[in-house]
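Top to bottom, those sequences are chains G and S.
Okay, so the first sequence: first residue is -2 according to the numbering used here, each after it adds one.
Okay, so the second sequence: first residue is 49 according to the numbering used here, each after it adds one.
Watch out, some of these pointers could steer you wrong.
Claimed, not checked - Computed, partial: chain S to chain G, Cβ under 10 Å:
{"no.": "1", "residue": "80"}
{"no.": "2", "residue": "82"}
{"no.": "3", "residue": "98"}
{"no.": "4", "residue": "213"}
{"no.": "5", "residue": "220"}
{"no.": "6", "residue": "244"}
{"no.": "7", "residue": "245"}
{"no.": "8", "residue": "246"}
{"no.": "9", "residue": "251"}
For the record, the hints were derived by calculation from the structure and aren't laboratory data.
Every residue gets a Cβ at the ideal spot worked out from N, C-alpha and C, and that includes glycine.
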Amino acid sequence: MQEPSEPTSAAAPVAHLEFKAALLLVFMLLLVGGSALYLLYARGAFEPTQTLVLVADDSEGVVVGMDLTFSGFPIGRVRRIELAEDGNARIIVDVPSKDAHWLRESSVFTLVRGLVGGTNIRAFSGMLKDPPLPDGAVRPVLRGDATAEIPQLIASTKDLIQNLNLLTAKDGTLDGSLANLQAVTERLKGPSGALGVLLGNEADAKKLMLALDRTNALLARVDGLAAKADTQVFGQDGVMSETRATIVQLNTLLGEARASLKKVDTVLVEAQAVGANTRAATTDLGTLRAEVEANLRKVESLVNEINRKWPFARDTEIKLP
Amino acid sequence: MIRIAPPQDVLAQLGRAVLRWLAGWWRVVHLGAMILVLTLSPSSYSRASRQALARHMYLDTAPILLWFTVLCALASLVLTRIVVVTALSYGLSQYALEMVIRVLVLELIPLTAALFVALRCTIPNGAGLADMRRQGRFDAMRRQGIDPVRAELLPRVVAGVFSCITLAALSCVVALVLAYLAVYGFTLAGLPGYTRMFGHVFEPGVTLIFGLKTLFFSLAVSTIPMASGLYDIAGDGTRTSVELQGLVRMFAVLLLIEVASLMGNYY
């Protein structure tokens, strides 16, 4: 019986054909199997995960397989998106257990749509010492849409451009201002210069110049007057020298007055001594008066006694010594 | 004087052409189904068949494996560099690698591998079969009780499929490694991010479509040229026309598979 492969036997025989073919087969199987294993590893098939359920009012832009990022690092992957009974979207995220410690009870989740690229789900954990997020936790997600403000931005920009157009129009205010500025510059370059611009016409500018000239003349005269006053005040026989002599005399007068006052002071001391003596004398007078009063009482009692013992005498008058 | 053919003759000609066209495609589909059945039946793998299969597998794959891989690596390197530099200039570098993988690994490399195998192996094999058929060797084999489909066609088709898948797999791996090196350089620091991005691109649906596409590409480039060689249309017996017919049919099928995969991936 003829070999089936005989018709193609024109080609040269290959040494160890079956071994080489088996080697190729094994190589191909290794390539495909290795790729499949790497794909499974990349899809997270070999690592334990915990589930996080994010509840959003709109899941637009969220796709299965997108990342949940924390500080820019992907720590989870969206596994499923479903519509809850209350009408909200439930985004079910698988978070590998080794990354789950970044999520805490106080973590906040945001859903942000950028201008370029896809939607991003981000987690923010302010307090990393809070208790970790449990498996199957349900959290609301805050939405931030960068494209939502585009119409408003465009409207504002349109207004701004319209205002700019009005400003820069041919008969606009900016054009008028520039024309005025040019006129002012022309007048600045004219014979009356800045004064002409400030005062409005040439006649007033001339008047001002005249006033300035007269002021200059007046100032010269004031200067002469000041020189004369200086001579009269501070000169040889000026007011200042006489004033100085007067002050010397006043000093002398003051010295004499001081001496007189000292004398008065002495007199006052003496008068004080007299006063003290008078006070002592006054005290003695009191004592003396008490004694006199005691003597008088004694004399009175004596007269009374005599009067009792002298019945003849009607005259009760007692002649005091 | 020009004689205008009556309308019924034109219609009859058109109908015959459509029927011929449909019959050609039916033969291709029928042969493909037959080959699949034979591939999956253990009786096809007798010792003699294994010898022929090993020979075709080795001769159809080993000589082109290195060259194709080198060419693919160069093209991948150039494309990766272009995409990465362009993305950097637009500030979109985070999407560069994903785009490289999607364009190169998912789309270009399987198609290139299929076309390379077709031009290098399966179309010449189909032409060889046509030669054998014209020389009457198939009839001789049938008289000896040997099924030419099982003896000559099956090893060539299986070898074509094997070659196509091996080339695509090796080139994809090389392209992935080169893309990583082009972006991150010789460091392992980017490996976690790269792995994550790889997993992100190869979602289950995308992976399924990628696998099916590679398989159908390999089946198309292996079966259609063989069918064209085996069932040569009568009166059209030149070798060039056989190759051309196989080529046109094959390109049409490849285009259809590519369009279907693109629709599956991106719509």
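Taking the hints in turn, this is what the structure says about them:
Given the 10 Å rule on beta carbons, the hint for residue 80/S is violated: about 21 Å separates it from the nearest Cβ of chain G. Evaluation of the residue 82/S hint against chain G yields a violated restraint, the C-beta minimum of about 16 Å exceeding 10 Å. Hint on residue 98/S holds. Least Cβ distance to chain G is approximately 7 Å, under the 10 Å limit. Restraint check, residue 213/S versus chain G: the minimum CB separation of about 6 Å is within 10 Å; hint holds.
The restraint placing residue 220/S at the interface with chain G holds, with a minimum CB-CB distance near 7 Å, inside the 10 Å limit. Taking 10 Å as the C-beta cut-off, the interface hint given for residue 244/S holds, the closest approach to chain G being about 6 Å. Checking residue 245/S against chain G by beta carbon gives a least distance of about 8 Å; that is within 10 Å, so the hint holds. Evaluation of the residue 246/S hint against chain G yields a held restraint, the C-beta minimum of about 5 Å falling below 10 Å.
At its closest, the beta carbon of residue 251/S sits 5 Å from a beta carbon of chain G; the interface hint therefore holds under the 10 Å criterion.
Checked against the numbered hints above, the structure violates hints 1, 2; every other hint is satisfied.
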